[in-house]
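Peer 1: Using the sequences plus the hints, can you model the full thing?
These protein sequence lines are chains A and B, in that order. Under the working numbering, residues 88 to 235 are what the first sequence spells out, in order. Under the working numbering, residues 2 to 146 are what the second sequence spells out, in order.
Careful, some of the hints might be misleading.
What the hints assert, rightly or not - Among the chain A residues that face chain B by a calculated CB cut under 10 Å, a handful are:
id : residue
1  : ALA126
2  : GLU129
3  : GLU162
4  : ARG165
5  : THR166
6  : PRO220
7  : MET229
Simulated from the structure, these hints should not be mistaken for laboratory data. Keep in mind the model is a prediction, meaning the values are calculated, not measured. Beta carbons are placed, not taken as given, at the ideal position from N, Cα and C, and that holds for glycine.
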Amino acid sequence: MSDVERNIDVFRRLEAAHQARDNNTIRSLLTDDFTPHTAGSEMLPPGADGAIASNEGSFSFMPDKRTEILEIFGEGDRTVAHVRMRATNTGEPIAWAGLSEATGKAVDFDWIQISRHADDGRIAETWSQMDIPTMLMQLGAMPAPGGM
Amino acid sequence: MRTPDEAKEFPRRFYDEVFTKRNVKYAEGSVADDVVEHNPLDPRMGNDKSAAIASLQAILDNTPDLQVEILDMIATGDKVAIRSRFSGSDSGKGWGAPMGVPATGKSFSVEGIDVVSIDSDGRFTDHYGLFDVPAMMQQLGLMPG
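Peer 2: The structure is reproduced here in structure tokens:
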């Protein structure tokens, strides 16, 4: 297995661990100094604790959250993944979206993540962009262009 | 099959021509006629080549002083991911115009990630891309921080 294939495998196992809320596996696939460069991550605890807090937060809003890797490729120490997430906001209200109660609405949106892998394959840094506007429109927290 | 470094030359040239030299005609030739544009700037534009070109034109029209810096590229022979920073001011047609807000004159600087697929002629056949819309709206005062 090439380093790129191994890194892609690490990303797939990490995504599966997020889905299974398997925090020990999440910890084992991130470096001790894991650093996400994603909007809002500065408010999370450092390292793997932040990744776990973010994942648990998503499940608290959307207990049926499920993700699907649509595409993944890599070069050198980087992987790129295009991920689809589907979920229903039946849990806690999403306060950061300005919502005071759970909407019960379904969301279906994408994100793109670039990961930098350490020499042993563990993920050390990530850069992500989520389709937040689509999610907010689906929740009814933001008007669609041209009015709803 | 081209190398990753050879593949990166296509988006590098595209960014320079379209965003730096503001030459949208270049995009007409380098985007395949049957391209799938997954993330048009406005969903009402659709997902075809005209949506891809209209999205690029809108970015330029909204930002007369646009500056784009490529921060990272990851490639295989036929796919390239580009992480970049878009900076400029809301001094054109108005980023908030779809919401009825005229150009604010305020500055923004946000990151985005794009992924393109490239055919054997070097044309883009597929594009998906996202940028930090919440940060941009906050910087322009179009959304509370």
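Peer 1: With reference to the structure, classify each hint as holding or not holding.
Peer 2: Here is how each hint holds up against the structure:
With its C-beta approaching chain B no nearer than about 6 Å, A/ALA126 sits inside the 10 Å limit, and its interface hint holds. Checking A/GLU129 against chain B by beta carbon gives a least distance of about 12 Å; that is not within 10 Å, so the hint is violated. Proximity of A/GLU162 to chain B holds as hinted, the smallest CB-CB distance being about 5 Å (cut-off 10 Å). The interface hint given for A/ARG165 is met, as the beta carbon of that residue sits about 4 Å from the closest beta carbon of chain B, less than 10 Å.
Below 10 Å, beta-carbon pairs count as interface contacts, and A/THR166 has one with chain B at about 8 Å; its hint therefore holds. Annotation: interface hint on A/PRO220 holds; nearest CB of chain B at approximately 5 Å, less than 10 Å. For A/MET229, the interface hint holds, since its Cβ comes within 10 Å of a Cβ in chain B; the closest pair sits about 9 Å apart.
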